[in-house]
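Chemist: Take a look at the letters that make up each chain.
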Amino acid sequence: DTAVSQTPKYLVTQMGNDKSIKCEQNLGHDTMYWYKQDSKKFLKIMFSYNNKELIINETVPNRFSPKSPDKAHLNLHINSLELGDSAVYFCASSRGWGTNYNEQFFGPGTRLTVL
Amino acid sequence: DQQVKQNSPSLSVQEGRISILNCDYTNSMFDYFLWYKKYPAEGPTFLISISSIKDKNEDGRFTVFLNKSAKHLSLHIVPSQPGDSAVYFCAALSKANFGNEKLTFGTGTRLTIIP
Chain C
33 DTAVSQTPKY
43 LVTQMGNDKS
53 IKCEQNLGHD
63 TMYWYKQDSK
73 KFLKIMFSYN
83 NKELIINETV
93 PNRFSPKSPD
103 KAHLNLHINS
113 LELGDSAVYF
123 CASSRGWGTN
133 YNEQFFGPGT
143 RLTVL
Chain L
246 DQQVKQNSPS
256 LSVQEGRISI
266 LNCDYTNSMF
276 DYFLWYKKYP
286 AEGPTFLISI
296 SSIKDKNEDG
306 RFTVFLNKSA
316 KHLSLHIVPS
326 QPGDSAVYFC
336 AALSKANFGN
346 EKLTFGTGTR
356 LTIIP
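Chains C and L, in that order, are what the protein sequence lines are.
Residue 33 is where the first sequence starts when you use this note's numbering, and the numbers rise one by one after that.
Residue 246 is where the second sequence starts when you use this note's numbering, and the numbers rise one by one after that.
Careful, some of the hints might be misleading.
[Stated by the list, open to error] Subject to a maximum C-alpha distance of 25 Å in a straight line, what follows is the list of computed DSS-like cross-link-like pairs (lysine-lysine): (1) C/LYS76 to L/LYS347; (2) L/LYS316 to C/LYS76; (3) C/LYS73 to L/LYS282; (4) C/LYS76 to L/LYS250; (5) C/LYS41 to L/LYS282; (6) L/LYS313 to C/LYS76; (7) L/LYS347 to C/LYS72; (8) L/LYS313 to C/LYS68; (9) C/LYS54 to L/LYS340; (10) C/LYS72 to L/LYS250; (11) C/LYS73 to L/LYS250; (12) C/LYS84 to L/LYS347; (13) L/LYS299 to C/LYS73; (14) L/LYS340 to L/LYS316.
Calculated from the structure, these hints are not laboratory results.
The structure displayed is predicted, hence computed values, not measured ones.
Let the hints inform the model, and build the full structure from the sequences given.
Modeler: Now the structure itself:
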């Protein structure tokens with residue numbers, strides 16, 4: 033029973049292509065996130081959605097467009113891929129309410145390589 | 246601008262000894278701190294956290310210490326076990342963001358426990 037799953041696990045593509053990464057969580061969480069881990073191992077938040085509504089957008093290029101068809105899914109679509117987009121992308125989810133820290137549960141990551 | 250820093254990219258410790266991982270932060274708005282653990286080909290998993298109202302939090306073999314004046318926290322693992330070999334990420338956020346946690350991560354420290 034995978035709590036947060038991502039597909040595909042690996043993605044190799046040419047510069048200029050458009051690709052999507054899918055994320056699904058079965059934890060009943062309200063908030064989902066996308067993080068990017070670059071070649072320097074810096075794990076940085078890109079987006080967060082709460083109940084399908086965009087909450088955080090960390091100055092990510094417009095080529096990146098998250099889409100949340102429902103609370104359990106947050107997909108990441110990337111247009112016109114560039115070499116610098118090569119990274120590991122992690123999806124995460126959390127309960128998304130309350131006055132205490134809501135633990136974020138991460139997916140296994142998608143390694144994107146742009147050639 | 247790296248607001249959370251882990252200056253040691255790697256650390257090797259003998260099994261049974263104490264492992265000490267360090268983390269520094271610069272943003273005074275951070276008042277909640279976490280450690281995440283990551284195995285290869287998996288996403289990070291939550292390990293332990295501490296609020297700025299405390300200076301120590303303990304959970305089994307793991308203890309996190311916070312020195313607010315120095316903007317420094319550390320994770321102590323004692324005794325270290327082979328299964329502790331992983332990359333450890335320090336993360337921070339403001340409690341005002343509880344409910345939509347925007348984590349700022351360090352670059353990680355790779356801990357290797359030598360049998």
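Chemist: Against this structure, judge whether each hint is valid.
Modeler: Structure-based check of each hint:
no.: 1; hint: C/LYS76 to L/LYS347; verdict: 10 Å, holds
no.: 2; hint: L/LYS316 to C/LYS76; verdict: 20 Å, holds
no.: 3; hint: C/LYS73 to L/LYS282; verdict: 14 Å, holds
no.: 4; hint: C/LYS76 to L/LYS250; verdict: 13 Å, holds
no.: 5; hint: C/LYS41 to L/LYS282; verdict: 20 Å, holds
no.: 6; hint: L/LYS313 to C/LYS76; verdict: 23 Å, holds
no.: 7; hint: L/LYS347 to C/LYS72; verdict: 20 Å, holds
no.: 8; hint: L/LYS313 to C/LYS68; verdict: 28 Å, violated
no.: 9; hint: C/LYS54 to L/LYS340; verdict: 29 Å, violated
no.: 10; hint: C/LYS72 to L/LYS250; verdict: 13 Å, holds
no.: 11; hint: C/LYS73 to L/LYS250; verdict: 12 Å, holds
no.: 12; hint: C/LYS84 to L/LYS347; verdict: 17 Å, holds
no.: 13; hint: L/LYS299 to C/LYS73; verdict: 29 Å, violated
no.: 14; hint: L/LYS340 to L/LYS316; verdict: 16 Å, holds
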